[in-house]
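J.: Here are the chains, one letter per residue:
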Amino acid sequence: AQSVTQLGSHVSVSEGALVLLRCNYSSSVPPYLFWYVQYPNQGLQLLLKYTTGATLVKGINGFEAEFKKSETSFHLTKPSAHMSDAAEYFCAVSAPLSNQFYFGTGTSLTVIP
Amino acid sequence: EPEVTQTPSHQVTQMGQEVILRCVPISNHLYFYWYRQILGQKVEFLVSFYNNEISEKSEIFDDQFSVERPDGSNFTLKIRSTKLEDSAMYFCASQQDRANGYTFGSGTRLTVV
Numbered sequence: 001a002q003s004v005t006q007l008g009s010h011v012s013v014s015e016g017a018l019v020l021l022r023c024n025y026s027s028s029v030p031p032y033l034f035w036y037v038q039y040p041n042q043g044l045q046l047l048l049k050y051t052t053g054a055t056l057v058k059g060i061n062g063f064e065a066e067f068k069k070s071e072t073s074f075h076l077t078k079p080s081a082h083m084s085d086a087a088e089y090f091c092a093v094s095a096p097l098s099n100q101f102y103f104g105t106g107t108s109l110t111v112i113p
Numbered sequence: 001e002p003e004v005t006q007t008p009s010h011q012v013t014q015m016g017q018e019v020i021l022r023c024v025p026i027s028n029h030l031y032f033y034w035y036r037q038i039l040g041q042k043v044e045f046l047v048s049f050y051n052n053e054i055s056e057k058s059e060i061f062d063d064q065f066s067v068e069r070p071d072g073s074n075f076t077l078k079i080r081s082t083k084l085e086d087s088a089m090y091f092c093a094s095q096q097d098r099a100n101g102y103t104f105g106s107g108t109r110l111t112v113v
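Order-wise, the sequence lines are chains A and B.
If you read the first sequence in our numbering, its first letter stands for residue 1, the second for the next number, and so on.
If you read the second sequence in our numbering, its first letter stands for residue 1, the second for the next number, and so on.
Just so you know, the hints here were simulated from the structure itself, not pulled from any lab data.
There's no promise every hint is true.
The calculated lysine to aspartate or glutamate pairs, modelled on EDC-like cross-linking and capped at a C-alpha distance of 20 Å, are [to be verified]: (1) B/Lys78 with B/Glu44; (2) A/Lys49 with B/Glu3; (3) B/Lys57 with B/Asp86; (4) A/Lys49 with B/Glu1; (5) A/Lys58 with A/Glu88; (6) B/Lys78 with B/Glu56; (7) B/Lys42 with B/Glu85; (8) A/Lys49 with B/Asp97; (9) B/Lys57 with B/Glu68; (10) A/Lys49 with A/Glu66; (11) B/Lys42 with A/Glu88; (12) A/Lys49 with A/Glu64.
Next up, chain A with everything else stripped away, as it sits in the complex (with noise of 0.2 Å):
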């Protein structure tokens, strides 16, 4: 079975500051691993995503994430928060041969001017 859990329902950051939100999740099978983007009122975006091969993902608008095995994670980061980054941010995993997604409950992102 899958699962995610993103630690933090709230994280505020300043503008120019480190983003860091963090997803651990749980497969019983190797499995695929997303972040969604949602701002106010719209659906859901792509930021990046992980499959197979290099661990460290970079995604749209300058984030990316990296698949650790050993700590079960795939935290999502950037290196300078803008305030255009400000939404609710969702974590999901796949099974490879699953057509289901698990998505967490997602961490509202504030940017701080």
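Got chain A; can you put chain B on it based on the hints?
T.: Same frame as chain A, now just chain B:
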């Protein structure tokens, strides 16, 4: 960039009425999904659809729900007799293959009164 289109963006309906939520997935995608997000809660899987049939469904997707791909382009979710607790944001998604993330639509906000 190809998009998943959902209509309407907002629907208000009376309890007990039938509603149909419409989605136009990306044309060369093969897998189609409905998810919902009750206000303040996580994104929940409802159903996946492949090769003109349901491939997976969750416990939420009971007999009141049905999906259809009537004409090769539209993908609809029908709720036969709406309940207050069906009020949520409903997201349609499509996927080219399992190694790729979903492309989500911008959602339909369903309000049952």
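J.: If a hint holds in the structure, say so; if it doesn't, say that too.
T.: Hint by hint, here is what the structure shows:
no., hint, in the structure
1, B/Lys78 with B/Glu44, "holds (17 Å)"
2, A/Lys49 with B/Glu3, "holds (19 Å)"
3, B/Lys57 with B/Asp86, "holds (16 Å)"
4, A/Lys49 with B/Glu1, "holds (18 Å)"
5, A/Lys58 with A/Glu88, "holds (19 Å)"
6, B/Lys78 with B/Glu56, "holds (17 Å)"
7, B/Lys42 with B/Glu85, "holds (15 Å)"
8, A/Lys49 with B/Asp97, "holds (14 Å)"
9, B/Lys57 with B/Glu68, "holds (14 Å)"
10, A/Lys49 with A/Glu66, "holds (10 Å)"
11, B/Lys42 with A/Glu88, "holds (11 Å)"
12, A/Lys49 with A/Glu64, "holds (9 Å)"
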